[in-house]
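Enquirer: Protein chains in written order, with the working numbering: chain A, 3 to 351; chain B, 43 to 616.
Misleading hints may appear alongside valid ones.
What the hints assert, rightly or not - Here are the simulated DSBU-like pairs of lysine-lysine, each with C-alpha atoms no more than 35 Å apart in a straight line:
#1 B:136 with A:141
#2 A:162 with B:536
#3 B:136 with A:186
#4 A:165 with B:360
#5 A:280 with B:136
#6 B:368 with A:166
#7 B:368 with A:288
#8 B:89 with A:141
#9 B:360 with A:166
#10 A:162 with B:360
#11 B:89 with A:280
#12 B:360 with A:280
#13 B:104 with A:165
Don't read these hints as lab results, they were simulated from the structure.
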Amino acid sequence: MTKHFFILLLGMIALSSYALAQETTDQSSHQSTEHDHSDHDMNDKDHDHGDHSDHADHTDHTDHTGHDMDHSAHDHDAHDHSGMAHGDDHMMDAPGDHSELHGDGETHTGHHGDHHHHHDDGHIMDHEGSMIMGQNFDKLPSSCTSISEEIEITVRAGTKFAKKFPGTTFAFDNQEWRVKPCSKITWHFINEDNIRHQFMMHGLPRYLYHLGMFHLESTGPRKISGTMIVPAGDETYLVHCDIAQHMEKGMKAQLVVGNGGEDLTSIPGLTPYVLNDKYETEDLPKVADKDDDTGKDKDTITKQVTDFFNENIPFSGMAWIGILFGIICAPMFTRMIALRKKEEPDASS
Amino acid sequence: MPIRYFIAILAFSSIFFAVNTQASLKLPATVKVDPAALEFEPMCDPKISPSWRKAQVIEGVKIEASEQCSPDNPHLIAAVVKGTNNVSMDTLMKSGLSPDAIIKTDDIDGDGDPDRITIKLEIIELNGRTPDFEGVIPTFDIAPGIQPGAWVFAPKTSGMSTENFESLRANSLLRLPSPVIRVEVGDIVQIVLENTHYFPHTIHLHGVDHPFSHHEYNGGKYGNDGVPQTSEINLMPGERRVYEIQPRQPGTMFYHCHVQTHTHLAMGLAGMIIVEENRPNNWLQTLNVGGGKVRHPSVAIKEQFDQEYDLQYHAMDKELHEIIQKYNDPRLIARDMNRRYDLTDSTEDYFTLNGLSFPYTLRESMIIAEPNQKIKLRMLNSGGEMVAIHTHGHKATITHYDGVEHNPAAQITRDVFDMAPAQRLDLTLNTTNDGLHNYGEGAWLFHDHREKGITTDGMSEGGSMSMIAYKSYLNELGLPKVAHGIDLSVFFTKEYYQRRIPIWQDLDQTSSLGAAGVRSGMDSETRTTMLNLVSGFLVGILIYLVIARRQQAKAAMTSAISRLKGLKGSKAND
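With the rest of the complex left out, here is chain A (with noise of 0.2 Å):
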């Protein structure tokens, strides 16, 4: 009787910490949401479209497997390597990042992409360093009978957007975008990183979409803009970034059209990992006398499981248990006692 009593206990001990962690979690993710509803800043609609004149003279090299390139060998040219003969302390570097230099980090190859949207798939790379596949400016899904919004979506991408999340790296700075089916969105890709991060989403319609791909990648830090347009049914769709271990570590995201599919794992803050890993506790050195301050910086995830084993702490994990068993098993001991107080008179008798 003891033995289930006790075995009982375990599970729901081993349930309300697991509970507890998960809530954490959740915390986290609710407050990425609100996040998200107020970024979904349309700031960049005051994109003229002036500066297509500067871009007329792209030419169009027609690839042979299908793919639509715009390889601006001019516009190279134009820009060339001038920071070069200042000497040695300037980077030299693509002309992409001259731009950068020069405070224009903005890319405009999706502007381009209004001369090229007639071919299919379009793939679009330049020599800056932006990469746009599986542009669509207006062919309907077949699901669709029009299209129910045009919004303009900001993404941001880089480390500094992983800080809320303990235990990743890279990030986006939202996880979850929710729009209407049929919507034609344009992204405005930001990579906040000196290094290279992508927009990469799967799972549309191959006929419309490249391998069902709609991708857009930058090489550094500056902006690139696509548009696209999603399909009529509830769907849920992977947005991340493909460079190696950079969506295992945290630039995870994905939009929801309409009611959506089923939610993706592993999303920083917004979904579980289907493998976890195992957290223990280290013998790290501490200030003894300063017990309290050093649990404030830790993650509360990795605090919650570290506390509960910490012996230091008043009140900690083992002692709730302790007072858990206390309660559950004081009723049984007065039973008990009883019990064998009316077996006493029964045997002195």
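Starting from the structure of chain A, add chain B where the hints point.
Expert: Only chain B this time, still in chain A's reference frame:
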């Protein structure tokens, strides 16, 4: 009544043991592994177009033939020779490089080749962990089924890190070893490290003429020696740093990460960097991805040699390379790598040549020779222990140690080449059949003669073993034609390196050295167990009988005693 049972059990067990002894006289038959049970990989990677092997000219870049079954992508070679800023979009797309990967400009000395070179490197994890499924991504097999977690400096690429969305395999530019870099004496070279990885890293240019710091880049915050304790701060994820050099001396050198070097170097952040002599019109193959044959050698090499090969020897400890596959949280990986892994207790398990172990070395790291050639071999040992490379059928001459020419009069010709960790040797392989430099044509092995170096985690044949194969000994796939009856295909199975194939089963008709089956009867161990069980059972019955028939026994006893007493009594009475 019970006595009868007892006798029956005794009889049964005696018969049982007799039968068993009879069976044990015959030894078990040989069990042969049916080839149909094996998963054979194609010996040559079918995804590589045979047209890549031919000598060709792309974008005006002459590319030598490469008879290997996995030759380097000629479009990639054209792109790195011309620079990604000087090739057509078509070539760029076929190369897989990022448009800003290799930028070549400014012929400063007016000798017909560019002198300002920017090389962008990313850091890529191979065979890493994912929280979404059991398994690793992107995969890179060093031998069939062998996928150690690794980090490499990789050329800056474009697009997905896998072949495509359906595949888990790494795209061909993301691989071990870190690419061989070639620059010219006098070039102003900027190596831009873009840290795409989740840990801090740097680059140390071992042996290359480089200033300790350069031009107060970013207020002197960043050095040029790659050492986080002295020269610069760690380069964190998402950041980039420029290392700038203008080397004055040629030679075969080494570059590697200098953050937590004891693990980061072994993880694969180590490659060759070669400074070539300055010559007019010297458009260099800035990167040799995967090492091996240089298909667009420098002007100075072409003056003296018929061919050139880059050969990087490396070694890995399985336990170290598993760490990144155990956890997803970078903090836990850091904990295990920095504080729990003990290099002083480690043993090396995997031995690679240009990132691969036998049999994959045959795909792309053979030296393919013809008689009467002079072949330049550049070797680096990036492993943690000494190696002793032995060339069958040849004695080669050591011309340079650590990139510095050895006194020509004192140069040594030998057939075992020992290299300490980080050491480089330049060899001249002379294929003149004179009984000294070469003993004739063939498919000659060259391998590490520390015998563990020819194993993959202790399983031979494996390791860094490769071949010096003469063209007359190559088949149409570019693989060595071996003697009749020899089949190399068994090495191209996972099961071989899982140690599940009895390697001598096909040596003769009767498979006399194949795997032994099991006995038809009981093996000796089971028999002993059974014997113990049966005897225990008998003892148990005996005890039962004694206890259950206590009364009878007592009665029998008392009657016996009384009878005895009676006897005595009667005697006494007498």
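Enquirer: Against the earlier hints, flag every one the structure doesn't satisfy and list their numbers going up.
Expert: 2, 5, 11, 13
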